[in-house]
Amino acid sequence: MLKSLGRGTRLLLHGCLPAALILSTGAMGPGGTRGRSTTTPESAGSARSLVRAYEASVSHNKRIPAFARKYNLACSACHTVWPELSAFGQSFKDNGYQLGNDRDSPIWQSNTYWPIAMRTTPQWHLESTTHQITDASPGGRTVTQAGFDLSGVDFLLLGTLYKNITFGLVPTLDADGTTGLEAAFVRFDNLGHSPWANVKVGKFELDNLLSEKRFTWLSANGGFLYAYHYLPVGSTNNFGFGDNQIGVELSGHSINSYTRYSVSLLTTDDGEPGVPGGKSMDAMFTLSRAFAMGSGLGPQRFGVFGYLGHRPTAFETSGGNPIPGTGSANKSFVRFGATAQLWLGNLELIPLVSHASDDVALGGGTQKPAWNTALLETHYIATPQLMIQGRYELLRMSKQGDPGIPKTTGNADAIALGVRVYPFLFSRDGLAIHGEFAMTRTIGTVPLSGDGSGVDPVTQTTAVWSRSLLLAFDFAF
Amino acid sequence: MKRSRTLWWSVAVISALPLGNAALSAPVLPPAAGTISGKVTYTGTPPKMKPVDMAKEPNCVSQHPTPVMTENVATGPGNTLRWVVVYIAAADTAAPPATEAVRYDQKGCQYLPHVAVMRVNQPLDIYNNDPHSHNIHPLARVNPEWNKSQPKGAPPIHATWEQPEFIPVKCNIHPWMHGYFVVLRTPHYSVTGDDGSFSLAGLPPGTYTVTAWHEQFGTQRQEVTVGSGETKTVGFVFTARPY
Amino acid sequence: MRPHARLLALLSGLGLLLSGPGAARAQESHIGGVTGHGARGQQLYRRYCVGCHGKAGDGLGENAMWIDPKPRDFTAAVFKCRSTPTGALPTDEDLFNSVTRGFVTTNMPPWRPLTPQNRADVVAYIKTFSARWKTARPATPITIPPEPAVNIASILHGRELFQRLECWKCHGPTGHGDGPSAHDLTDSKENPIRPYNFETGSRFMCGTTNQDLYRIFMTGLDGSPMPSFADQVRPAEAWDLVHFLRTLQTLDTPEAALWRQWLATHAGELKPIGPEGGQQ
Numbered sequence: 001m002l003k004s005l006g007r008g009t010r011l012l013l014h015g016c017l018p019a020a021l022i023l024s025t026g027a028m029g030p031g032g033t034r035g036r037s038t039t040t041p042e043s044a045g046s047a048r049s050l051v052r053a054y055e056a057s058v059s060h061n062k063r064i065p066a067f068a069r070k071y072n073l074a075c076s077a078c079h080t081v082w083p084e085l086s087a088f089g090q091s092f093k094d095n096g097y098q099l100g101n102d103r104d105s106p107i108w109q110s111n112t113y114w115p116i117a118m119r120t121t122p123q124w125h126l127e128s129t130t131h132q133i134t135d136a137s138p139g140g141r142t143v144t145q146a147g148f149d150l151s152g153v154d155f156l157l158l159g160t161l162y163k164n165i166t167f168g169l170v171p172t173l174d175a176d177g178t179t180g181l182e183a184a185f186v187r188f189d190n191l192g193h194s195p196w197a198n199v200k201v202g203k204f205e206l207d208n209l210l211s212e213k214r215f216t217w218l219s220a221n222g223g224f225l226y227a228y229h230y231l232p233v234g235s236t237n238n239f240g241f242g243d244n245q246i247g248v249e250l251s252g253h254s255i256n257s258y259t260r261y262s263v264s265l266l267t268t269d270d271g272e273p274g275v276p277g278g279k280s281m282d283a284m285f286t287l288s289r290a291f292a293m294g295s296g297l298g299p300q301r302f303g304v305f306g307y308l309g310h311r312p313t314a315f316e317t318s319g320g321n322p323i324p325g326t327g328s329a330n331k332s333f334v335r336f337g338a339t340a341q342l343w344l345g346n347l348e349l350i351p352l353v354s355h356a357s358d359d360v361a362l363g364g365g366t367q368k369p370a371w372n373t374a375l376l377e378t379h380y381i382a383t384p385q386l387m388i389q390g391r392y393e394l395l396r397m398s399k400q401g402d403p404g405i406p407k408t409t410g411n412a413d414a415i416a417l418g419v420r421v422y423p424f425l426f427s428r429d430g431l432a433i434h435g436e437f438a439m440t441r442t443i444g445t446v447p448l449s450g451d452g453s454g455v456d457p458v459t460q461t462t463a464v465w466s467r468s469l470l471l472a473f474d475f476a477f
Numbered sequence: 001m002k003r004s005r006t007l008w009w010s011v012a013v014i015s016a017l018p019l020g021n022a023a024l025s026a027p028v029l030p031p032a033a034g035t036i037s038g039k040v041t042y043t044g045t046p047p048k049m050k051p052v053d054m055a056k057e058p059n060c061v062s063q064h065p066t067p068v069m070t071e072n073v074a075t076g077p078g079n080t081l082r083w084v085v086v087y088i089a090a091a092d093t094a095a096p097p098a099t100e101a102v103r104y105d106q107k108g109c110q111y112l113p114h115v116a117v118m119r120v121n122q123p124l125d126i127y128n129n130d131p132h133s134h135n136i137h138p139l140a141r142v143n144p145e146w147n148k149s150q151p152k153g154a155p156p157i158h159a160t161w162e163q164p165e166f167i168p169v170k171c172n173i174h175p176w177m178h179g180y181f182v183v184l185r186t187p188h189y190s191v192t193g194d195d196g197s198f199s200l201a202g203l204p205p206g207t208y209t210v211t212a213w214h215e216q217f218g219t220q221r222q223e224v225t226v227g228s229g230e231t232k233t234v235g236f237v238f239t240a241r242p243y
Numbered sequence: 001m002r003p004h005a006r007l008l009a010l011l012s013g014l015g016l017l018l019s020g021p022g023a024a025r026a027q028e029s030h031i032g033g034v035t036g037h038g039a040r041g042q043q044l045y046r047r048y049c050v051g052c053h054g055k056a057g058d059g060l061g062e063n064a065m066w067i068d069p070k071p072r073d074f075t076a077a078v079f080k081c082r083s084t085p086t087g088a089l090p091t092d093e094d095l096f097n098s099v100t101r102g103f104v105t106t107n108m109p110p111w112r113p114l115t116p117q118n119r120a121d122v123v124a125y126i127k128t129f130s131a132r133w134k135t136a137r138p139a140t141p142i143t144i145p146p147e148p149a150v151n152i153a154s155i156l157h158g159r160e161l162f163q164r165l166e167c168w169k170c171h172g173p174t175g176h177g178d179g180p181s182a183h184d185l186t187d188s189k190e191n192p193i194r195p196y197n198f199e200t201g202s203r204f205m206c207g208t209t210n211q212d213l214y215r216i217f218m219t220g221l222d223g224s225p226m227p228s229f230a231d232q233v234r235p236a237e238a239w240d241l242v243h244f245l246r247t248l249q250t251l252d253t254p255e256a257a258l259w260r261q262w263l264a265t266h267a268g269e270l271k272p273i274g275p276e277g278g279q280q
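Protein chains in written order, with the working numbering: chain E, 1 to 477; chain B, 1 to 243; chain F, 1 to 280.
None of these hints come from the bench; they were simulated from the model.
It cannot be assumed that every hint is accurate.
[Stated by the list, open to error] As a list, the in silico DMTMM-like pairs of lysine to aspartate or glutamate whose alpha-carbon atoms are at most 20 Å apart: (1) F/Lys134 x B/Glu162; (2) B/Lys152 x F/Glu237; (3) F/Lys189 x B/Asp194; (4) F/Lys189 x F/Asp212; (5) F/Lys70 x B/Glu165; (6) F/Lys189 x B/Glu165; (7) E/Lys163 x F/Glu199.
[Said to hold, decoys possible] Stretch-level coverage of chain F by chain E, calculated; a stretch enters the list once three of its residues show a Cβ under 8 Å from a Cβ in chain E: (8) 82-91; (9) 152-165; (10) 176-184; (11) 253-262.
Note that this is a predicted model, so its numbers are computed, not measured.
All residues carry an ideal CB built from backbone N, CA and C; glycine is no exception.
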């Protein structure tokens, strides 16, 4: 009888999961901010994470056919392979989506031009996760899901309101009908006629050198980075580096964007509107420098980044319920790291290392949890219409929040391989035929993709393998 | 008669081959040159030529009490066609290079002559006779395209062309001015006047491809055989369209 | 003489056979210390340039029909921005600068974010679209004398030149691109084109400095109505014209400042530019 119930209902019956875990798995989505709701009841959170596992995750990436239409450039001008940006595209973005040839202001465009583009990805995928506890197999079994599926739709509205005033609006529509607002900002560019001062206000992606929003992975297990989303067992934090945040960013760049910096002040709470968190702020900085060395497809770039965040640990309550926005007793956490983008001819190498540590109060234990991640991503861009890619990422806990947990619990190794074929190269729209295989091994926890039953494995040292196989038709117009 | 002409012709042809002078020891007299001449006419209705509006340049308006007409299809009495360049297609390797300069005038905001023919590497002198600037802009595609200003009183501009080509010439300041530089390899060419007549003289006996070019009606070719001292008359008839 | 001519013809015919597409991509460019290679440039061209300039380099890319002014036709080997005299090919550095700067008020973006090596490779490939790069003699850039000091005498003499050379016929008496001949101008492909309007304050097509401005009228913008004045203006005088032209722009330049100061007290002395000015 239990089997005939819907998957979500089955989970409701198993609802005795640590609230913190639900909150964390509910908040972390694979790679994306697909309309996360502000308050997440326990069961809905786990149901949602399951639903998310069953859907393919789509990193809601910005790749804008509207710009191609506006400037009459093919996609390959700004993108190595869309959605990944080339040096030229990065400079265009840094300049506030302005090409700098006095043809940017909307007044130059035909008034039939409308700055909107859309992207979605119909697909077939297979997810398979070992050691999953189900009703019928409390000892754990391999859970497999496969079928045709849809991703959500991104609506990408970005452009200029006026010379040197840029706007962005990215409403999203999940495949299950949930709507969200991934980005909404206005940016004042080239203040004082200098590219070194630009101010952006609103909800936006952090200035990550390795952008999760514009990377080329789509599967449940491959479509996000552990470095950007992992939170340890028992954590009450909800931060994701790859999630869009709300705040203000001061950024600047040299005229060809070979030197870039940004400094942001963000409202605590991972991009949730309504000021639900406390009165504290998060801060972030990035700095990168590129060098024109070699004859590769782009310059060699090196960067560092850092994030200092706060989360409230106490709220005013009313009738026992926390009042949003009244958080206090803030505890901090940090993320920092270094990354690079290196070119050898058409081969692109992206290494990244980072260190993360949360405050004791956020770790659900008696120690400050800390962990390190390292990854190497490679793209071979054979032509603007063919890319072969691979990534290996590892995450190692250096200290658990709860000393009782084994040292290796939470460690992850993730590998992903993919190919993207673009049958045509055009300046009105694009299509990519995407094949991907991703495999993660996580010790003692659910995989970050949320695949499987969403329940931790039997022991804290069980190695859970989760595999995704994806064949997708990724198009934008 | 025919036989001796054939004999002379074959001697001329054989002497043109690179067999080396040792092959034939008999002395050879140059054969008498022939001429190809005729008229160029048209059938059908040509477009009407229109008066040129030179109001932008009052100096030029005052130079033409009656306005000049456009010249892209200039006709004469008896349905003759003017400004047709008739020439021998093949280069004449025996001819010495041309050293005499061809003169091209800008006067009264017109190009005189409308079609100037010259040989490859022949000097061309362009004069500005008007009391104001012109810019001389030959729209070459095979030869390099250049564009030079020539103010009032400036010295003539000298140019040469290395490749044969039909080059339209324009002045950007005075957009009604149209002319042609016709650059040929051959020294045997003739431009028809009002009476549509042309004459290609000094031709060694032989068979020639004669080409007639008109800027609007295109190109026609005929094979003509000329004997020693002979004058052959040929006609070219272009089909005119009213547009 | 004739046997040698035939032999030469045979050899050059063979040479043409050998210089097929493979050999064309062996084209190189040299800009500063960087050597660009046509083979690598072809890949970059297909990525960045083909949408407008077309696969055949003829300016007929898929977007060309929506663009005004039209993209450059590389097969004609006629370029606006050069340091060489009119009718001559640009130098590699001229092409490199054009690619780097882009052309303001057109759809040609500044490709500065591409590495210098990438830009040099693209320049090398552009040179494969026309045989003229192989057949023409290499051209020497014009000699530009050092710029003299900016003073009123120089600006006034430049103003006389502007009148005498009849720049105003197209550019207008105040440089607003509204001269009597401005409205009928067509480029060498018969597309309508407007003369530069100094009042907009936007960058020139071919750079931003006084030297760039000098080059514009001393080499002409080939393929456009703008002729070369090199035969008519002595190099020293050309600087005077540069200084005057700067006063027509709405930018903050030393020339403009000096001119405004002088005009405050001497404006009445000036004869107007234009048809009336000719009758001096």
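Comparing the hints with the structure gives:
1. At most 20 Å may separate the alpha-carbon atoms for a hinted pair to count; F/Lys134 and B/Glu162 meet this at roughly 15 Å.
2. Our distance criterion of 20 Å between C-alpha atoms is met by B/Lys152 and F/Glu237, whose separation comes to about 18 Å.
3. Proposed proximity of F/Lys189 and B/Asp194 is contradicted: the alpha carbons are some 32 Å apart, above 20 Å.
4. Proposed proximity of F/Lys189 and F/Asp212 is contradicted: the alpha carbons are some 25 Å apart, above 20 Å.
5. A hinted pair counts as satisfied when its Cα atoms are at most 20 Å apart, and F/Lys70 with B/Glu165 does not qualify at roughly 26 Å.
6. Only pairs whose Cα atoms come within 20 Å are accepted, and F/Lys189 paired with B/Glu165 is accepted, the gap being roughly 17 Å.
7. Restraint check: the Cα-Cα separation between E/Lys163 and F/Glu199 comes to about 19 Å, which is no more than 20 Å; the hinted pair holds.
8. Counting residues of the stretch 82-91 of chain F whose C-beta sits closer than 8 Å to any C-beta of chain E gives 0, which falls short of three, so the coverage hint is violated.
9. Interface restraint, the stretch 152-165 of chain F with chain E: violated (0 residues with C-beta to C-beta distance below 8 Å; minimum three).
10. By the rule of at least three residues with a Cβ nearer than 8 Å to a Cβ of chain E, the coverage given for the stretch 176-184 of chain F is violated, with 0 such residues.
11. Counting residues of the stretch 253-262 of chain F whose C-beta sits closer than 8 Å to any C-beta of chain E gives 0, which falls short of three, so the coverage hint is violated.
Taken one by one, the earlier hints fail for this structure at numbers 3, 4, 5, 8, 9, 10, 11, listed in ascending order.
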